[in-house]
Amino acid sequence: MPDHDDRAAIEAASRGDASGLAALYDAYAPLLFGVAQRILGDRSLAEEVLRDVFLEIWTKSASYDASGCSVRVWLLMHLRQRSLERLRSGKVGKMVSMEDTQIAYVVGDDEDPALTPAREQIQRIIDLLPPKQRNMLQLAYFEGLSSEQIGARTKVPTTRVASEIANALSVIRDAYSE
Amino acid sequence: MTTRPEDLMAGYLLGELFADERVRIEAIMGTGAVTSPEEGSALATVHSVALYTIPTKPSPRVRENLMASLTGRMRLLPFRDRIAKFLEVDIDSAYTILTTVDHRVGWTQADDGVRTRLIMSGRRDHDASLLRAPAGSVLPRPAAGTSAELFVLQGELRDDEGEIAGAGALLRRPLGSRYRHEVQDGGEAIVLALTREHADES
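Chains as they are written, first to last, in our numbering: chain A, 1 to 178; chain B, 1 to 202.
Simulated from the structure, these hints should not be mistaken for lab results. These figures come from a predicted structure and were not determined experimentally. Just so you know, even glycine gets a beta-carbon here, dropped at the ideal spot from N, CA and C. Keep in mind that a hint or two might mislead.
In the EDC-like style, the derived pairs of lysine to aspartate or glutamate whose C-alpha atoms are separated by at most 16 Å in a straight line are [unchecked claim]:
(1) B:Lys57 to A:Glu47
(2) A:Lys132 to A:Glu148
(3) B:Lys57 to A:Glu148
(4) B:Lys57 to A:Glu48
(5) B:Lys57 to A:Asp26
(6) B:Lys57 to A:Asp112
(7) B:Lys85 to B:Glu149
From the derived model, a few chain A residues whose C-beta atoms are all more than 12 Å from chain B [claimed, not checked]:
(8) Ala8
(9) Gly34
(10) Arg86
(11) Gly90
(12) Gln121
(13) Asp127
(14) Lys155
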């Protein structure tokens, strides 16, 4: 969904118009649900988090500053935060090895086609990162691990983890354009 | 030396931020506001990683349940923060007030069907009440010696001059005002009224 449509949708939600939130849900639920499933490894919990995030956004919609970050980023900030909180609550029996999470160029028909070019682009960029850097980035984003935990998993000194992730983000920033 | 945005975002991903940086992130989660274009761009870069996943449709019942909540008992929650400011209460109290709208008891009903529920009395010389008024009814005028502010939560009100106020509108009825607000066709209006007595001025 174009950015201006997102902002119109959240503005409608802020007036209590549920169709605004419905439009955001239809545009972003497949992306957000895919991320929540990746973090939690559990479909039912991911659905709970997805619903909770949309209710949180509904409640906060009147406070949204349209000159700030995009609605998509705002949604993702909430989704990642709430998913990781659920993961850390200890009620999730997730067991996914990084080797199993390497994805191919996946463009399902479950998603708004407007997101397809960005998804293809980011998949290429991340696949071109050095393997250890790519793994560190994913362990941080999708598992919420600390430097120490990631260092132990990837056999990289703890003191280097943050700088490796920062370098990966720098590469993505330079290569990624929407 | 200033911190590169990428270093700050690495700290964000790792949950290893200084206290002031954590406060910034919480503020962004609150309103989406960023302090600079660089900060917005850095967040967009970080969350582009989310696209490195498989898009998946959730079960249709998630949307159904969500929409039932948004049109049901949670329909007024987008007004929570504004109501907190309007009544000068914390957001938990505002949440509670908004969810009492659908309570069945505690209302008094006038002849024209307008129901009133007192929710705060005597706080800073103000009384706050919820009003539920059917289409075609007229909201009660403030008593002599009182002024009122009306926050429209649902429905539409039309005043004597033909002005229409919808959900989210704030209307003022100053002391001595004879404004009349009629509920428009299309459904019941729900209004939060804050009234203040002006004993010394009457």
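**OP:** Could you check the structure against the hints above and give me the numbers of any it violates, in ascending order?
**Re:** Hints 3, 9, 12, 13 contradicted; others consistent.
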